[in-house]
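S.K.: Now for the letters of each chain:
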Amino acid sequence: MLHYLARRIVSTLPILLGVALVFFLVFNLVGGSERFLYNILPPKGRTPETIDQYREAYGLDRPVIVQFLDTVGDMVTFDFGRSESTRQKVSYLIARYVPASAALAVPAFVVEIALALALAMLCARTRGRWPDRLVGVLSVAGMSLPMLALVIIGQRFLAFEAGLFPISGWTRGLGAIRYLALPWLLWVTVSVGYDVRFFRTALVEEQGKEYVRAALAKGMPRRLAMRRHVLRNAMVPILTYVVIQVPFLLTGSMLLERFFSIPGIGELLVQAILSYDLPVMKATVTFYTLFFIGFSVLTDLLYAAVDPRVRLG
Amino acid sequence: MSGGIVDKGREGGASAARGAAAIGGATRGRERGMSPFRLSMRRLARDRSAMAAAAIITAFIATALVAGTGAFGIKEAATVFDENSLDTMRYLPVGTEGHVLGTDGFGRDVLARSIMGIRTALYLGYLAGLMTVPIALLLGAVAGWYGGLVDDAVTWLMSVVVAVPGILLIMSLIQIVGKSFTTMAFAFAVTGWVGLARVVRGAFLQARESEYVLAARALGAGDARIVFRHVLPNVFHFVTVNFVLQFVGVVKSEVFLAFVGLTLVGEATWGSMIDSARSEVSSGRWQNLIGPTLFMGIFLMAMTVFGDSLRDALDPKLKNAEEVRS
Chain A
225 MLHYLARRIV STLPILLGVA LVFFLVFNLV GGSERFLYNI LPPKGRTPET IDQYREAYGL
285 DRPVIVQFLD TVGDMVTFDF GRSESTRQKV SYLIARYVPA SAALAVPAFV VEIALALALA
345 MLCARTRGRW PDRLVGVLSV AGMSLPMLAL VIIGQRFLAF EAGLFPISGW TRGLGAIRYL
405 ALPWLLWVTV SVGYDVRFFR TALVEEQGKE YVRAALAKGM PRRLAMRRHV LRNAMVPILT
465 YVVIQVPFLL TGSMLLERFF SIPGIGELLV QAILSYDLPV MKATVTFYTL FFIGFSVLTD
525 LLYAAVDPRV RLG
Chain B
563 MSGGIVDKGR EGGASAARGA AAIGGATRGR ERGMSPFRLS MRRLARDRSA MAAAAIITAF
623 IATALVAGTG AFGIKEAATV FDENSLDTMR YLPVGTEGHV LGTDGFGRDV LARSIMGIRT
683 ALYLGYLAGL MTVPIALLLG AVAGWYGGLV DDAVTWLMSV VVAVPGILLI MSLIQIVGKS
743 FTTMAFAFAV TGWVGLARVV RGAFLQARES EYVLAARALG AGDARIVFRH VLPNVFHFVT
803 VNFVLQFVGV VKSEVFLAFV GLTLVGEATW GSMIDSARSE VSSGRWQNLI GPTLFMGIFL
863 MAMTVFGDSL RDALDPKLKN AEEVRS
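Residue numbers (the working numbering), protein chains in the order written: chain A, 225 to 537; chain B, 563 to 888.
Next comes chain A alone, as it looks inside the complex (with noise of 0.2 Å):
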């Protein structure tokens, strides 16, 4: 087991070494830095002086090797330095930004959960008739449609008609609430066609099984063996399915944070692509990278933890 954890940690750097590389090749190689700079001088200040200056000042001159080994070292020591646009501490801005994006993600990922498994065992119970085939194709039709539109009509309908919801907005601590229930709900509504139609898979196979047939066969309640039997294997696939969702969390939904000015990750990390602002961009793909191999690890624990014939070798 420890064994095992210290040879997931000493194999996540070349991986952390190829996120940089990736990095570096798109935004110092094929024309990043030449568009920065461009990007961080007022218009009035674009001579070629003052940009060969800003070359220098940025280390953007240095030979490439050595920049490249800067990137990693500030990827290594989370040194990220100030963002570009608002010279705030990167470090202050993700400490600042990450609560709103798990505010409105947490609450709405674990919802969205609980309803499509829910749905997805009144799929499996029923199916092929009709409660199973009306929730096949909501999904698909959830699927479908884009989710711009769905959070446009929401707004409309929902926030400035109805006036169920404030338009957008946010505040510091509990308040937030209020602004957050309309992006939770269309989270959920967007997200649990694709979980729902996974879950019932998976259930289905489950249930499809030789070992429930037999179960059902010497007189097991169908409920019964439904909740111990097929549920508690079905786990395996729905979990890893759950945890491996975690990561993309953290950078939440990138669309509603924008969309209902929620000052999110996503928005941040968004705002960072359209104005080139560097370290903030390197700070996030860091965060997000680690966030990702961390919860691989766990998925796999957790299937060692959920399944006695995993062994983590």
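These aren't lab readings, by the way, just hints derived from the structure by calculation. Glycine included, each C-beta is placed from N, C-alpha and C at the ideal position. Heads up, a few of these hints could be off.
Facing chain A, according to a computed beta carbon distance under 7 Å, are these residues of chain B, among others [stated by the list, open to error]: (1) 718; (2) 721; (3) 727; (4) 733; (5) 779; (6) 781; (7) 817; (8) 822; (9) 851; (10) 858.
Starting from the known structure of chain A, fit chain B onto it as the hints suggest.
M.R.: Below, chain B without anything else, positioned relative to chain A:
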């Protein structure tokens, strides 16, 4: 030999054979000796929802192709606007005679623009798919077939691509390389090949140890022949299903890119239309929302349904699990 398999299926024995029997209803004599691919296509043709979806997709593609030739003035109505008639032509509401879905702020017909939007969606989806498949096949196959260091390298590359937030890579690439549909498709391909490559790698890992590969080798076939003639056809169904799924994802992502201002302004894309509806609905102008949402919803629903059926038809083992009733 093939007759033996079908007979076993009749007795409810081997699971592989049960697929063919259960899905096609009663096994008919004619199905003996048909290739697995033809059996799959038969299954697909019997799937009513799949056929309905295929009909819708075909209708969409045909409409897009016809519109692209300039027939019926669709192309013109979608792009050209007349400055002189701008006062009378702009923002005609849904249901106006001659403009069923109304017109936008430039007096362009929304229905025509939605139709032209199919072209953009098709271009993006196909191009992204065409770029993804070779990358995924090549890397997946090489990793699975040769193993060792090559495998380590490809596995590392896959972990790296997955560990970078995809949307960040896509947005950055478009931002840096420049806005064009080709760049967009390329960005989708760069971020989207890993899933398929993993599956292909797995299939090749398995194939390397399998009897049919050993048999081919014993007959004196070289690596290239075995890979292309014998193993590659076995991953064909992953490729097609992945293609459909990726298509849906790409079309949906374009809307998000439009929302953050990274799509092509002035082109008829569903994303840019919905994005401009964002500021228009507050003044009661719904046409730019209704048109593309309707088109995209129907098209992607048909694609999703078809993709599901295709997977079920091509992979009898999966379908089999669904068919067993307890």
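S.K.: The structure should be examined with respect to each hint, and the outcome stated for every one.
M.R.: Going down the list of hints, with the structure as the test:
Restraint check, residue 718 of chain B versus chain A: the minimum CB separation of about 6 Å is within 7 Å; hint holds. For the restraint placing residue 721 of chain B at the interface with chain A, the shortest Cβ-Cβ distance is roughly 5 Å, inside the 7 Å limit, so the hint holds. Annotation: residue 727 of chain B was flagged as interfacial toward chain A, and the flag holds, the nearest CB pair being 5 Å apart, inside 7 Å. The interface hint given for residue 733 of chain B is met, as the beta carbon of that residue sits about 5 Å from the closest beta carbon of chain A, less than 7 Å.
With 7 Å as the threshold, the beta carbon of residue 779 of chain B stays out of range of chain A, its nearest partner Cβ sitting at about 31 Å, so the hint is violated. Checking residue 781 of chain B against chain A by beta carbon gives a least distance of about 37 Å; that is not within 7 Å, so the hint is violated. For residue 817 of chain B, the interface hint holds, the least distance from its beta-carbon to any beta-carbon of chain A being 4 Å, beneath 7 Å. Hint status for residue 822 of chain B: holds, given a least beta-carbon distance of 6 Å to chain A, under 7 Å.
Here the hint on residue 851 of chain B is kept, as its CB sits about 6 Å from the closest CB of chain A, short of 7 Å. Annotation: interface hint on residue 858 of chain B holds; nearest CB of chain A at approximately 6 Å, less than 7 Å.
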